[in-house]
Each structure stands twice: as C-alpha cells, then as structure tokens.
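Q: One letter stands for each residue in the lines below.
Number of protein chains: 2
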Amino acid sequence: MRIGYAQTNPVFGEKEKNLKRALKLLEAAAGLEADLVVLPELFNTGYVFRSMREVWKLAEQIPDGYTSKALLDFAEENGLHVCAGICEATKEGTYNSALLAGPSGHCVTYRKIHLFGREKLWFMPGNAGLKVFAAGGVKVGIMICFDWFFPESARVLALGGAQVVCHPANLVLPYCQTAMLGSALQNKVFVVTANRTGVERSTRFTGRSQIVGPDMRVLARSGLREDVKVVKIRPEDADDKRVTRFNDLFKDRRPEMYGPICSG
Amino acid sequence: MRIGYAQTNPVFGEKEKNLKRALKLLEAAAGLEADLVVLPELFNTGYVFRSMREVWKLAEQIPDGYTSKALLDFAEENGLHVCAGICEATKEGTYNSALLAGPSGHCVTYRKIHLFGREKLWFMPGNAGLKVFAAGGVKVGIMICFDWFFPESARVLALGGAQVVCHPANLVLPYCQTAMLGSALQNKVFVVTANRTGVERSTRFTGRSQIVGPDMRVLARSGLREDVKVVKIRPEDADDKRVTRFNDLFKDRRPEMYGPICSG
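Protein chains in written order, with this note's numbering: chain A, 1 to 264; chain B, 1 to 264.
Hints should not be assumed to be uniformly reliable.
Any copy, or any two copies together, can satisfy a pair, since identical chains are not distinguished.
[Unchecked claim] As a list, the in silico DSSO-like pairs of lysine-lysine whose alpha-carbon atoms are at most 27 Å apart: (1) Lys20 to Lys69; (2) Lys251 to Lys120; (3) Lys120 to Lys241; (4) Lys131 to Lys251; (5) Lys139 to Lys57; (6) Lys91 to Lys232; (7) Lys24 to Lys120; (8) Lys120 to Lys139; (9) Lys139 to Lys241; (10) Lys241 to Lys20; (11) Lys251 to Lys57; (12) Lys24 to Lys241; (13) Lys139 to Lys91; (14) Lys251 to Lys20; (15) Lys69 to Lys241; (16) Lys24 to Lys69; (17) Lys17 to Lys241.
Think of the hints as simulated: they come from the structure by calculation, not from any bench.
All chains should be built: construct the whole structure from the sequences, respecting the hints.
A: Below, the structure is given as structure tokens:
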C-alpha cells in the first residue's frame with residue numbers, strides 16, 4: 001500500500017480557498033496511487049486565532065460540515081483514506097480535531113488531548129482518547145501536533161495496534177522531526193507527520209513534513225514549500241516488534257514498573 | 001556542576017586490567033572537575049559471556065565486591081559520584097546492574113529491567129524498579145543500555161524527579177544516540193549515555209557516547225576511541241518543564257488516557 005501527505009500553506013480564515021488547494025494536492029497524491037493521505041492540523045482554517053469569535057466562525061461539524069463533506073466525497077471518489085485536521089464545532093464547545101475519511105464514509109474523529117499554547121484558549125481538551133481504526137487494510141492511529149511531545153501518545157496508539165500513526169501538525173518548534181525518529185523506532189510504527197508551512201499572522205511554521213519507518217528510516221521528507229509525498233510501505237512491517245531472536249519490544253515491556261506514567 | 005563519562009574498551013574477563021584502565025580515565029574526569037561520571041555497562045567484565053560459569057566467575061557483590069570497593073574508594077578520595085555497570089552476584093542469581101558510588105559511600109544499585117539478547121540467559125530481570133537518588137546536589141536516575149528502547153524507562157525516571165539520567169551502555173545497534181535526543185527533550189532531562197567501544201568475541205560496539213541536554217542539544221559526543229568528556233551543566237534546567245507560558249510538560253500530561261501503558 002501507499003501512504004503520503006500533503007504539506008500545505010493555508011491562508012488564515014480562507015476556508016474555501018484552503019480546501020480547494022488541499023484537494024488539488026490530494027489529487028496529486030491520488031495520482032501517485034496513495035491509499036492514505038495526511039493533511040496538516042487545522043488545514044482549512046489556519047492556526048493563529050485571535051478570538052473565540054473567530055474560532056466559532058470557522059469551526060465546523062464533523063462529519064456533517066462543509067470541509068468534512070468535501071473530504072468524504074473525495075475519499076469515496078478516489079477510493080482512499082484522508083486524515084485531516086479540522087477546527088470542530090460541537091454543542092459543548094470547539095475541539096482541535098482530526099477526521100479520518102474513507103471510501104465508505106466517516107471512520108473516526110480524534111480530538112487533540114495535549115493542547116499547545118493559546119490553543120488552550122480556543123479549544124477544549126479532547127476526552128475521547130487515542131483511537132486506532134482499521135482503514136482499508138491498515139490500522140491507523142491519529143495524534144495531532146503537540147501530542148508528539150508526550151511519548152505516551154505514540155505508545156498508546158502502537159499498543160492499540162496502530163501500524164501507521166497519522167500526525168497532522170502545525171509545528172513552530174524545530175524538534176519534532178528528530179524526536180519522531182525515536183518514537184517510530186521505539187514503537188516500530190510508521191509515523192506520517194504532515195506539517196504546514198508558511199507564515200501566518202507573524203507565526204512561522206517549520207514545514208519539513210516527513211514519513212518515518214519502523215526502522216527509523218526517513219522514507220520521505222519535504223522542505224519549506226508546499227509538497228506532496230507518497231511512499232510504498234508494507235504495513236505488516238509494523239506488526240513485527242522483534243529486535244533480536246530473544247527480544248520483542250512489546251512482550252519485553254515491564255508494565256508493572258511503569259506505574260508513575262499512568263497515575264495522576 | 002560537571003557531569004561526564006568515560007568511554008572504555010574492556011577486554012573480556014580481564015577485570016583487574018579493565019578496572020585499572022577505567023580508574024585512569026576516571027582520574028582524567030576528576031582532573032576536569034567532574035562531579036558525576038558514568039562508565040559503560042559491565043565495564044569491568046566485558047559483555048559477551050558464553051556460559052553461566054563465566055558469568056558466575058566474573059560476577060561480584062555490590063557494594064562489597066572488588067570492583068565496587070575500588071569505585072567507592074575512588075569516589076571518596078575524589079569527592080565525586082561514579083555510576084558504573086557491574087555484573088552483580090546475589091544469593092538468588094546474577095543481575096546486569098549499575099552501582100552509584102559517592103563520597104559518602106554506596107548510594108543505590110539499579111538492576112536492568114529490559115534484558116537484551118543473550119543477556120536473558122545470563123541475568124535475572126531486575127525487579128527493584130527504576131529509582132532516583134539525590135547525589136550531591138543532583139537527582140540521578142539510572143537505566144542500562146537496552147532500557148533506552150522503552151520510552152517508559154526515561155519517562156519513569158523523569159517523573160520521579162531525575163535531572164540527570166545515567167545510561168551505562170554496551171550498544172551494538174546504531175539507533176540509540178539519535179533516539180536519546182527525543183527522550184532527553186520529551187522528558188527535559190540530561191541523558192549521559194556512556195557506551196563502550198571496540199570488538200569483543202566478534203561483537204562490535206558502537207562507541208559514540210554522548211551527553212544530551214533537556215533542550216535536545218548534544219553537549220558532548222565521542223567517536224570510536226576510548227574517551228573522556230566532562231561538561232558543565234545546571235541541573236535545575238531539568239526542573240523547568242515549561243515549553244510555552246501555557247505549557248508545562250508534566251502538568252499537561254493526561255495520565256487518564258495512558259492506561260494501556262501500565263496494564264499488562
């Protein structure tokens with residue numbers, strides 16, 4: 001199968017324009033025979049909100065909103081899965097969410113559990129947990145941007161059976177791309193970090209989206225421009241947690257020693 | 001304060017010779033005003049055991065064995081702490097352990113909880129957990145070699161208050177040095193990986209010992225030769241878990257979402 005990402009440069013608040021551009025890049029990914037494509041965090045709205053009014057104005061329901069519908073249509077027409085970050089409107093408030101859309105419809109919505117910076121002013125922290133979804137022959141987990149800083153995020157997804165971790169991002173710090181090498185290896189999963197690029201309201205995003213394999217190899221990496229990358233993988237490589245004939249990364253875990261991680 | 005390591009190239013079974021050489025390198029570290037120095041895993045015995053008979057022949061009690069005593073004497077005479085990997089003999093069996101020796105005596109013994117490859121034939125898995133010890137003004141945690149592959153190890157130590165993670169190692173794979181960049185950053189701790197170098201019974205060790213700071217910077221790194229490095233640090237830098245004025249890496253954790261990590 002083939003997995004990929006589109007690295008985009010959205011304009012704040014220009015949802016139609018951003019969606020149109022993203023669909024164009026998704027088409028390029030489909031042309032490269034991608035089965036699963038990841039878009040950045042908040043790819044349709046932009047990132048640098050200045051008021052709750054702006055947040056509510058741009059937020060959409062998942063899966064019934066304008067953006068979700070367009071992505072679901074695209075996924076159905078092209079027979080692939082798309083994971084994309086969307087500013088989600090719900091009755092109880094707004095979330096920094098990511099939708100997984102597939103040929104058969106809405107798969108799952110993940111709501112970011114570790115909010116970064118001012119996101120805490122705009123979004124409620126996700127309370128639905130880290131989920132793994134079987135999407136067309138590959139088990140997909142989702143984490144969003146700053147979740148990467150917490151090694152627990154990728155770990156929980158991998159323990160849940162994820163083969164590919166979709167990681168929509170709007171990175172402003174320079175560390176993630178290096179840290180994900182270790183996370184991919186320590187969990188023996190594929191990690192697709194789809195970052196945005198460009199400058200928005202004086203905030204500069206760091207681009208350099210990448211796909212890392214379970215053996216720590218960088219399978220694809222972008223620079224600072226808009227970009228599309230698709231690579232061929234064998235998802236089952238992520239099921240093999242052996243390191244030596246004596247070692248299996250999951251069987252060798254010592255959960256009874258890890259208590260402090262899960263106690264408040 | 002100053003922390004450092006000695007990267008050594010022991011000869012299998014030649015305990016006196018290996019200890020003598022290590023003490024010489026420790027003297028060099030003391031000359032550089034080190035307060036805490038880390039030696040590799042199994043620094044006095046070598047690594048590639050071929051029988052339990054060899055293991056028992058070389059194993060020593062901690063802190064009453066020959067090697068421990070020499071390190072305790074050195075620590076007292078030089079007013080510093082030494083963390084060193086030792087093949088430990090106990091009534092119930094042998095462990096792949098690390099001693100922390102200080103000016104006031106034996107501080108703590110850590111017994112490796114994740115055994116690598118054939119170590120499973122020679123050693124019992126440590127059951128005393130990952131500990132943090134206040135050693136002369138700095139809070140020290142210990143993990144040994146393959147423990148690094150489990151993100152839980154450094155995490156448990158950091159949550160326990162460790163400022164410096166001492167990491168005696170006998171690495172044969174090429175991944176650890178890169179992965180520790182992420183672990184140091186995600187936990188905002190210093191990580192001192194003291195690896196051995198050289199070839200022993202056809203097994204090649206990868207050297208490249210390093211010290212990484214809580215900001216992911218490589219503060220020192222060696223090549224493939226025997227080496228001593230000492231760097232000045234402010235241990236309190238590891239106490240500051242802030243990332244932005246809205247974010248604190250430990251307060252932002254969501255332990256209620258991490259359950260799978262701690263359940264068997």
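Q: Decide, hint by hint, whether the structure agrees.
A: Checked hints:
1. Lys20 to Lys69: This pair counts as within: shortest intra-copy Cα distance 13 Å, inter-copy 71 Å.
2. Lys251 to Lys120: between (37 Å within a copy, 13 Å between copies)
3. Lys120 to Lys241: So Lys120 and Lys241 pass the 27 Å test across copies only (17 Å; inside, 36 Å).
4. Lys131 to Lys251: This pair counts as both: shortest intra-copy Cα distance 21 Å, inter-copy 22 Å.
5. Lys139 to Lys57: neither (34 Å within a copy, 49 Å between copies)
6. Lys91 to Lys232: Answer is neither: 40 Å inside a copy and 53 Å across each miss the 27 Å cutoff.
7. Lys24 to Lys120: neither (32 Å within a copy, 54 Å between copies)
8. Lys120 to Lys139: Close neither inside one copy (30 Å) nor across copies (32 Å); limit 27 Å.
9. Lys139 to Lys241: This pair counts as within: shortest intra-copy Cα distance 15 Å, inter-copy 33 Å.
10. Lys241 to Lys20: Classified as neither; 40 Å inside a copy, 40 Å across copies.
11. Lys251 to Lys57: neither (48 Å within a copy, 31 Å between copies)
12. Lys24 to Lys241: neither (37 Å within a copy, 41 Å between copies)
13. Lys139 to Lys91: Close neither inside one copy (30 Å) nor across copies (47 Å); limit 27 Å.
14. Lys251 to Lys20: Neither: 46 Å inside a chain and 39 Å across chains, both beyond 27 Å.
15. Lys69 to Lys241: Neither. Shortest intra-copy (37 Å) and inter-copy (40 Å) distances fail the 27 Å Cα cut-off.
16. Lys24 to Lys69: Intra 16 Å, inter 70 Å, cutoff 27 Å: intra-copy only.
17. Lys17 to Lys241: neither (43 Å within a copy, 39 Å between copies)
Going down the numbered hints, you'll see the structure goes against 5, 6, 7, 8, 10, 11, 12, 13, 14, 15 and 17, while the others check out.
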